[in-house]
Amino acid sequence: MKINQKIFLQFGICVIFFGLIGILINNLTINLTRTGLGFNFSWLFKPASFALAEHPLPYTSSDSYAWALFIGWLNSLKVIASSLILATFLGTLIGFTRAGKNSLLGLISAGYITIIRQTPLLLQLMFWYFVGFLGLKDNIFNISNQGIEFSGLIFSSEFLALLLGLSIFTSAYIAEVIRGGILSVPRGQWEAFRSLGLSERKGLISIILPQALPAIIPGLTSQYLNLAKNSTLAIAVGYSDIYAINDTIINQTGRAIECFIILLVSFLLLNLLITNTMEFINRLILKSRKYS
Amino acid sequence: MRRLVSGIVGLAALLAGCATTNQDNSSRLNLIKNRNELICGVSGKIPGFSFMKSDGSYQGLDVDICKAFAAAIIGDSEKIQYRPLTAAERFTAIKTGEIDLLSRNTTFTLSRDSSGGNGLTFAPVVFHDGQGLMVKKESKISSLKDLSNKSICVGSGTTTEQNINDAFESASLPYTPIKYQDLNQVVAGYLQGRCSAMTSDRSQLAAARSGFKNPKGHIILEDVLSKEPLAPASDGQDQKLADAMRWVVFSLISAEEQGITKSNIDEKVRIAKNNPQLKPLRRFLGIDGGLGEKIGLSNDFVVKVISSTGNYGEIYERHLGQNSEVPIPRGQNELYNNGGVHISPPFN
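Residue numbers (the numbering used here), protein chains in the order written: chain A, 1 to 292; chain B, 1 to 348.
Treat the hints loosely; a few may be bogus.
Under the rule of at most 25 Å between Cα atoms (straight-line distance), these lysine to aspartate or glutamate pairs were calculated in the DMTMM-like manner [as the list claims (entries may be wrong)]: (1) A:K46 <-> B:E317; (2) A:K46 <-> B:E169; (3) B:K53 <-> B:E37; (4) B:K150 <-> A:E149; (5) A:K46 <-> B:E89; (6) B:K140 <-> B:E169; (7) B:K140 <-> B:D166; (8) A:K229 <-> B:E89; (9) B:K136 <-> B:D146; (10) A:K229 <-> B:D182; (11) B:K150 <-> A:D63; (12) B:K216 <-> B:E37; (13) B:K262 <-> B:D182; (14) A:K46 <-> B:D166.
Examples of chain A residues lying across from chain B (beta carbon under 10 Å, computed) [what the hints assert, rightly or not]: (15) S49; (16) E54; (17) L57; (18) S62; (19) D63; (20) L134; (21) E158; (22) P218; (23) Y239; (24) I245; (25) N251.
In short, the hints are calculated from the structure, not lab data.
Beta carbons are placed, not taken as given, at the ideal position from N, Cα and C, and that holds for glycine.
Taking the hints into account, I'd like the entire structure generated from these sequences.
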C-alpha cells in the first residue's frame, strides 16, 4: 500500500512537471507567433555587415552572423582560458601566503582579498580599463593605451583590462578556497613533516597540498564557472566577446529570443567543459591517492 | 497529505495563470487610457533629447514628444512613467509590452519597420540627423581618408555600427572599431585617447561635446556618413496606437505652420469657435469634423497637446535652440516652407 502510494506520488509529480514545462513552451510559442517573433534561425547565414576589432580567425563584415558568433565565442574562450590560468596562479600564491607563517605577507594578502572581494567586478573592470590602460600616456616597453606588443603578438587594451580584472577578482576568491583547503589538513600533518626534517616549502607542496586538494577542487570549480560567466562583462570595456556580439546582432535582426538561446547554449557548453575537466582532474587526484 | 493537495492546487492556479497571460488582443491605446499613465521608453543620457536633470525629472526633445502623446491620449502631459533603455534593450521592450512606445532617438529603417524585421511601426520623423565623426583638433585629421588604419570608438547595437562599416568598406579604408555599449563609454574611450575619432549621430556628437572640458578642441568632420531620421516607434501590430502617434506628431508640425503656439492656443480656439467660416482651423482644433475620434483620441487632442508642449518649433527651440545647452542649427529640421523637410499632411 505504501509503495503504491509512493509510485502514485512520483507519477503525479512527473505529470505536473512535464505538464508545466509543456504549457510554458506552448505559451511562449503562441505569444511569439502572435507578436510576429516566431522561431527562425535562417538569419544566421546572412552577412553580418559589422566589423570586429579582434578576431583569432579571419573575419570580414561580409561573413555570416553565425561566423561572427563563433568568433565571439573564440574571443570569450581566449579571455576565459587565459584569466583562468592567471587567476589560479595568483590565487594559489595569495592563498599560500595567507595560510603561511609570515605575518606581514599574510596581512598584505588579507588586505588584498578584502579590497577585491568588497568591490563590484564591473567597477574594477572599468577601473583597469579607463584608468589603468587608457591612462597610459607614454610608449614604454611597447606598452601604450592601444595595447601591448609582445614578440610580434599584439594584445589590445580591452583584452588586457578584462584579463587583468577577471584574474584579480577571481584570484581573491580562489585564495580563500585554497586557504580553506590548507587549513582543513590536520595540524598533526604539519608537525609530522617538520619532525621528518622536510623544509616548509617541500612539506607544503608534497605533504599538505595533496591532502588539501580534494577540499579545494569543488570550490575551485565553482570559481572557474563564475569566471566564465563574469566574462560577459566584457561589453563594459569594449571587448568583442560572444555577449557583446550577440547584443549587436539582436539589435540588427530583432531576434532576441533566438540570440539568447544561442548564448545560453554556448555558455552551457563552455561551463560543461569546465565542470567535466575539473571532475576528471578530481578523479585523477583521488585515484593517485589511493595507490600512493 | 493536506500539504500535497494544497501544493497541487497552487500549481494548478499557477498553470492557469500562465495559460491566460497576454491573450488580450485589443489596442494598447485603451490600456494606456485605463492605466491613466503612459510608459515611455527614452534614453535618459543624451542632453537635448532625453536627459535626467539633477532633480530627477527628464527633459529634452524626445521627452516632450512623450509628453505630447500623454497629453493627447490621457489628457495630462505629466502622467508618464519614463523607462531609460539602452540601444540594445529598446526593441525588445516594445515587443514584450514593457513600454507603450519608444521616444528614444531611434533611426527609422526598413528592417525595423517591417514585420519580417523588428516588427515595429514608426511615427513621423521628429529629428533629421546624420552620422558624423568627431576628432581632436590637434590631430590634424580632416576627412575620412585621414582615419585609415586608425581606431574609431563606436556605440554597439546601433545603426551607427553598420554605417561606419559601410562608409569605410566602400572607400576601401581599413579601420579598427572599438565598441562600447553606451555613449558615455564611447566618449570616455575617445577622450582617453583609445581612438582617433568617435562616431555617432551629429546631434549626439554636439551634445557630447557640450559637456567636454574644452569643447573648442574637438571638431565634427564635414563627412556625413548616413541619413538618420529619428522617429518614435511602437508595436507594428497595433494600428490604432500607431495612428494616434502619427497624427500627434503631425499636429505639432501643423501647429507651427499655422502659427499656433502654447501662448496663443486659447485665443485661437476662441477665434475658431466664433468664426464658422474658418473651416480648416475648426477641424484642426476639433470643433468640427470629429477627426480625433477617428484615431481613438478626443476631438480636441490638438488643443491639449499644444497647450502642454507648444508646437514643434517651440519644442525645438527649448531644447536645441540657440539659447539652449545643446545648440544645433535647425537646418533640415525647419518646416518645408522654410527650407527644411518637416511637412504635415492635411487634417481633413
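Tested hints:
1. A:K46 <-> B:E317: This hinted pair is violated, its Cα atoms lying about 43 Å apart.
2. A:K46 <-> B:E169: holds (18 Å)
3. B:K53 <-> B:E37: holds (21 Å)
4. B:K150 <-> A:E149: Holds: K150 of chain B and E149 of chain A sit about 17 Å apart, inside 25 Å.
5. A:K46 <-> B:E89: holds (22 Å)
6. B:K140 <-> B:E169: holds (23 Å)
7. B:K140 <-> B:D166: Holds - the C-alpha atoms of D166 of chain B and K140 of chain B are around 24 Å apart, at most 25 Å.
8. A:K229 <-> B:E89: holds (20 Å)
9. B:K136 <-> B:D146: holds (13 Å)
10. A:K229 <-> B:D182: holds (21 Å)
11. B:K150 <-> A:D63: Holds, at roughly 22 Å.
12. B:K216 <-> B:E37: Given that 25 Å is the threshold and the Cα spacing comes to 43 Å, the pair is violated.
13. B:K262 <-> B:D182: This hinted pair is violated, its Cα atoms lying about 35 Å apart.
14. A:K46 <-> B:D166: Measuring from Cα to Cα gives roughly 16 Å; hence the hint holds.
15. S49: Status holds, d = 6 Å.
16. E54: holds (9 Å)
17. L57: Violated, because the Cβ-Cβ distance from L57 of chain A to chain B comes to roughly 17 Å (cut-off 10 Å).
18. S62: holds (9 Å)
19. D63: violated (12 Å)
20. L134: With a closest approach of 4 Å, the L134 of chain A hint holds.
21. E158: For E158 of chain A, the interface hint holds, since the closest Cβ of chain B sits about 7 Å away, which is under 10 Å.
22. P218: violated (32 Å)
23. Y239: holds (9 Å)
24. I245: holds (9 Å)
25. N251: Hint on N251 of chain A: holds, closest Cβ of chain B at ~4 Å, below 10 Å.
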